[in-house]
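Visitor: Top line first, the protein sequences correspond to chains A and B. For the first sequence, my numbering begins at 1 and goes up steadily by one. For the second sequence, my numbering begins at 157 and goes up steadily by one.
Among these hints, one or two may not hold up.
[What the hints assert, rightly or not] Derived DSSO-like pairs: lysine-lysine, alpha-carbon spacing no greater than 30 Å straight-line:
hint : chain 1 : residue 1 : chain 2 : residue 2
1    : A       : K34       : B       : K204
2    : B       : K204      : A       : K82
3    : A       : K113      : B       : K260
4    : A       : K133      : A       : K34
5    : B       : K204      : A       : K113
6    : B       : K264      : A       : K34
7    : B       : K260      : B       : K271
8    : B       : K207      : A       : K82
9    : B       : K271      : A       : K38
10   : A       : K113      : B       : K207
11   : B       : K207      : A       : K34
12   : A       : K34       : A       : K113
13   : A       : K113      : A       : K38
[Said to hold, decoys possible] To spell it out: a stretch of chain A is covered by chain B in this simulated footprint if at least three of its residues, at any positions, have a beta carbon under 8 Å from a beta carbon of chain B; those stretches are:
hint : stretch
14   : 51 to 60
15   : 74 to 85
16   : 91 to 99
These are computed hints drawn from the structure, not numbers from a lab. Idealized CB from N, CA, C, for every residue including glycine.
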Amino acid sequence: MSARASSSADREVLITRIINAPRDLVFAAWVDPKHADKWMGPVGYTTVTRSMDVRPGGMWRFTMSGPQGVFPSRVTYIEVVKPSQLVYRHGADRDDDPDAFDVTVTFEDLGDKTHITMRSVFPSVAARDKVVKEFKAIEGGYQTLERLEKHVQAGG
Amino acid sequence: MLATSLDATFAALADPTRRAILARLAEGDASVLELAEPFAMSQPAISKHLKVLERAGLIERGRDAQRRPCRLVAGPLKEVVEFAQGYRQFWDQSFDRLDDYVQKLHAKGRKNVRKSKQQR
Numbered sequence: 001m002s003a004r005a006s007s008s009a010d011r012e013v014l015i016t017r018i019i020n021a022p023r024d025l026v027f028a029a030w031v032d033p034k035h036a037d038k039w040m041g042p043v044g045y046t047t048v049t050r051s052m053d054v055r056p057g058g059m060w061r062f063t064m065s066g067p068q069g070v071f072p073s074r075v076t077y078i079e080v081v082k083p084s085q086l087v088y089r090h091g092a093d094r095d096d097d098p099d100a101f102d103v104t105v106t107f108e109d110l111g112d113k114t115h116i117t118m119r120s121v122f123p124s125v126a127a128r129d130k131v132v133k134e135f136k137a138i139e140g141g142y143q144t145l146e147r148l149e150k151h152v153q154a155g156g
Numbered sequence: 157m158l159a160t161s162l163d164a165t166f167a168a169l170a171d172p173t174r175r176a177i178l179a180r181l182a183e184g185d186a187s188v189l190e191l192a193e194p195f196a197m198s199q200p201a202i203s204k205h206l207k208v209l210e211r212a213g214l215i216e217r218g219r220d221a222q223r224r225p226c227r228l229v230a231g232p233l234k235e236v237v238e239f240a241q242g243y244r245q246f247w248d249q250s251f252d253r254l255d256d257y258v259q260k261l262h263a264k265g266r267k268n269v270r271k272s273k274q275q276r
């Protein structure tokens, strides 16, 4: 893990976000299927949880359906620290998906708000590109220079 | 894509003038003179920016010796965009929905707390 972390800059994606609700609630929204199904996935998608077992070694199996297709997915929890951190492996819903990537989500308590930091580390640059492409396909968005400019201006 | 070439692309994109030049070229090819026009900049200053963009592989210069029109090269830009944007957008949109959803939950929770306090 440490060898991976030492040279993972080109294989990781960092996303941060402030959510306007207290941390306990935001954390609950990640670990309770009745909540998670309500927000997971881009606009136009529905997420249906098939099973969720939030503890190290446990899995969240869900299917996302939308305009670009149906995506059976699997999250396998590695670490669960309520209500501040989730570490999990995210991939297709099959055993040993070679492109599965490791995600660390931290929830920082800001009173009425919560700061989410999400670090995704892919097993290789090729896997990163493949997964990013798949997510792009799911998202179905058409990329423009303006978007790129915003992204770069935002320090991405 | 190698990290080093991604670095070169990001470095070239770090300057607002160069991004504006690329945005202009996205609409069609243009000469140095045409590119210099909207900016309060000399032609040599614009030429310097063009060299950086050319070295990063973001633009190509035409062979026409007089005009040497600049053309956008989509490849590296696409790589940068695809580097993370699909994934980012997936989560940006999910987080928008999460934000809406938990705010509603939070408001509902407060109402319920008030209700149960009144009942006591």
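Visitor: Look at each hint and say if it fits the structure.
Guide: Evaluation of the provided hints:
1. A/K34 to B/K204: Judged against 30 Å, a Cα distance of about 57 Å means the pair is violated.
2. B/K204 to A/K82: violated, 53 Å
3. A/K113 to B/K260: holds, 14 Å
4. A/K133 to A/K34: Since the Cα atoms of A/K133 and A/K34 sit roughly 29 Å apart, the hinted pair holds (cutoff 30 Å).
5. B/K204 to A/K113: Violated: B/K204 and A/K113 sit about 46 Å apart, past 30 Å.
6. B/K264 to A/K34: holds, 16 Å
7. B/K260 to B/K271: holds, 16 Å
8. B/K207 to A/K82: Violated, at about 52 Å.
9. B/K271 to A/K38: Since the Cα atoms of B/K271 and A/K38 sit roughly 25 Å apart, the hinted pair holds (cutoff 30 Å).
10. A/K113 to B/K207: violated, 46 Å
11. B/K207 to A/K34: violated, 55 Å
12. A/K34 to A/K113: Between A/K34 and A/K113 the Cα gap is close to 21 Å, so the pair holds against 30 Å.
13. A/K113 to A/K38: holds, 19 Å
14. 51 to 60: violated (count 0)
15. 74 to 85: Coverage by chain B is violated here, the residue count being 0 at a Cβ distance below 8 Å.
16. 91 to 99: violated (count 0)
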